[in-house]
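Visitor: One-letter residues, chain by chain:
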Amino acid sequence: MKHVFAFLAALVFGALVSGQVAAQTAPAAKERVIIQVSTPEQRVWNQALNYVENLQELYGKDNVEIEIVALGWGIGMLKFDSPLATRVADSMKRGAKLQACEVTMGRQKLTKQDMLPDIGYVPAGLGQIIRRQKEGWSYIGG
Amino acid sequence: MKHVFAFLAALVFGALVSGQVAAQTAPAAKERVIIQVSTPEQRVWNQALNYVENLQELYGKDNVEIEIVALGWGIGMLKFDSPLATRVADSMKRGAKLQACEVTMGRQKLTKQDMLPDIGYVPAGLGQIIRRQKEGWSYIGG
Amino acid sequence: MKHVFAFLAALVFGALVSGQVAAQTAPAAKERVIIQVSTPEQRVWNQALNYVENLQELYGKDNVEIEIVALGWGIGMLKFDSPLATRVADSMKRGAKLQACEVTMGRQKLTKQDMLPDIGYVPAGLGQIIRRQKEGWSYIGG
Chain A
7 MKHVFAFLAA LVFGALVSGQ VAAQTAPAAK ERVIIQVSTP EQRVWNQALN YVENLQELYG
67 KDNVEIEIVA LGWGIGMLKF DSPLATRVAD SMKRGAKLQA CEVTMGRQKL TKQDMLPDIG
127 YVPAGLGQII RRQKEGWSYI GG
Chain B
7 MKHVFAFLAA LVFGALVSGQ VAAQTAPAAK ERVIIQVSTP EQRVWNQALN YVENLQELYG
67 KDNVEIEIVA LGWGIGMLKF DSPLATRVAD SMKRGAKLQA CEVTMGRQKL TKQDMLPDIG
127 YVPAGLGQII RRQKEGWSYI GG
Chain C
7 MKHVFAFLAA LVFGALVSGQ VAAQTAPAAK ERVIIQVSTP EQRVWNQALN YVENLQELYG
67 KDNVEIEIVA LGWGIGMLKF DSPLATRVAD SMKRGAKLQA CEVTMGRQKL TKQDMLPDIG
127 YVPAGLGQII RRQKEGWSYI GG
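Protein chains in written order, with the working numbering: chain A, 7 to 148; chain B, 7 to 148; chain C, 7 to 148.
Be aware that one or more of the hints could be misleading.
[Said to hold, decoys possible] Straight line, CA to CA, 30 angstroms or less: simulated DSS-like cross-link-like pairs of lysine-lysine:
no. : chain 1 : residue 1 : chain 2 : residue 2
1   : B       : Lys118    : C       : Lys67
2   : B       : Lys115    : B       : Lys36
3   : C       : Lys140    : A       : Lys67
4   : A       : Lys103    : B       : Lys36
5   : C       : Lys67     : B       : Lys140
6   : B       : Lys140    : C       : Lys85
7   : C       : Lys85     : A       : Lys36
8   : B       : Lys140    : C       : Lys115
9   : B       : Lys36     : A       : Lys140
10  : C       : Lys115    : C       : Lys99
11  : A       : Lys115    : B       : Lys99
12  : B       : Lys36     : C       : Lys99
13  : A       : Lys103    : B       : Lys140
14  : B       : Lys67     : A       : Lys140
15  : A       : Lys140    : C       : Lys103
16  : B       : Lys115    : C       : Lys99
17  : C       : Lys140    : B       : Lys103
18  : C       : Lys85     : C       : Lys67
19  : B       : Lys36     : C       : Lys103
20  : B       : Lys103    : C       : Lys85
21  : C       : Lys118    : A       : Lys140
22  : A       : Lys36     : C       : Lys67
23  : B       : Lys140    : A       : Lys140
24  : B       : Lys118    : A       : Lys140
25  : C       : Lys36     : A       : Lys99
26  : A       : Lys36     : A       : Lys103
27  : A       : Lys140    : C       : Lys115
28  : A       : Lys140    : A       : Lys103
29  : B       : Lys115    : C       : Lys140
[As the list claims (entries may be wrong)] Computed beta-carbon distance windows for the label pairs:
no. : chain 1 : residue 1 : chain 2 : residue 2 : range
30  : A       : Glu108    : C       : Gly126    : 37 to 43 angstroms
31  : B       : Arg38     : C       : Glu141    : 36 to 42 angstroms
32  : A       : Gln48     : C       : Ala35     : 41 to 47 angstroms
33  : A       : Thr92     : C       : Glu141    : 22 to 28 angstroms
34  : B       : Arg113    : A       : Asp87     : 39 to 45 angstroms
35  : C       : Asp120    : B       : Asp124    : 33 to 39 angstroms
Don't read these hints as lab results, they were simulated from the structure. Heads up, the beta-carbon is just placed ideally off N, CA and C, and yes, glycines get one too.
Make a model of the complete structure from these sequences and hints.
Guide: What follows is the structure, given as structure tokens:
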């Protein structure tokens, strides 16, 4: 009888503790940051790209996942004629994901031919930001 | 003895699993999004109203709760002479809540007579945004 | 046998319930709000300082911790020649923390001599905002 008790108590305790430990250590594994760019100001676009550099310096390039979502008034950052084309390419080479919102592209009648090469696309920029927040990513406004 | 063990193990396991399942499915029930509008730029106000349309198309009108809180420099969006009066009314007809911050109204000596008809009011815009975040709503900056 | 069962069931039930209660009451202890200031517009800086007053009126001065992080284009808010020097000092006297981002200071070759007296410093503004979000603070965009 005592063995059964000890065994079950250990089982319960172990399950609860391991759940807690998992909850505490899981987010520490890798930082994950979602950045919203939704304004037309070039200084905001530049700043978002600075954020990529800063976050990689802070955490180490391999310890942080960064996604910039350009939507609404921010879509110009990822258009073919973006004044930041070179910096955008650099950020992608560094490992950041730059995602254009296809809802915005539809509203502005933009196709992938109008956009910078090699960027990513998401069906809906807001949906992506919401999904990432729910997955535990940190949110940074533009 | 073996039956007791099996029963208890099942109880523990069931409790833990159901807790996990609840945690994973509860937020999926309905998307909930709080949008902060705190700048005086009309393009930001327009964009916030675009967000309502986009989110309802994305999730389905009945599957998402949307609240726009206008505060500080953003309060003009909900004033009687708002250039977006028609779009604001449309968004409310679609089911979005548009909430004016009464702290801001007090600072600017605005009464409900100065505001668009049928909008909602919150005692403090910041307090509402904070409360919603704590309730698990996703946050979108203006 | 029945005693063992009852004891273990109570143990499991108690552990689960106490976990839930802790999760619900812990965040209510004190409101904690992190405010990002990353634009050069003086009206945004002023508004962030309004937020301090509003939050303290809303929750009571002793029931809310407020941190404003100035980074990127927002660093001017905390520079020696800030047009808001007096209001910044007032906010600090009220108990809010105003933190300058040292990454931004490095990029702009600013030293602590270039900054307002008595402000705080964080090695990286983004890192601070991310850390606070993960600690459960509410996030307010600038």
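Visitor: Quick one: which hint numbers does this structure break? Sort them smallest to largest.
Guide: 2, 6, 7, 8, 12, 19, 20, 21, 22, 24, 25, 27, 29, 31, 33 and 35
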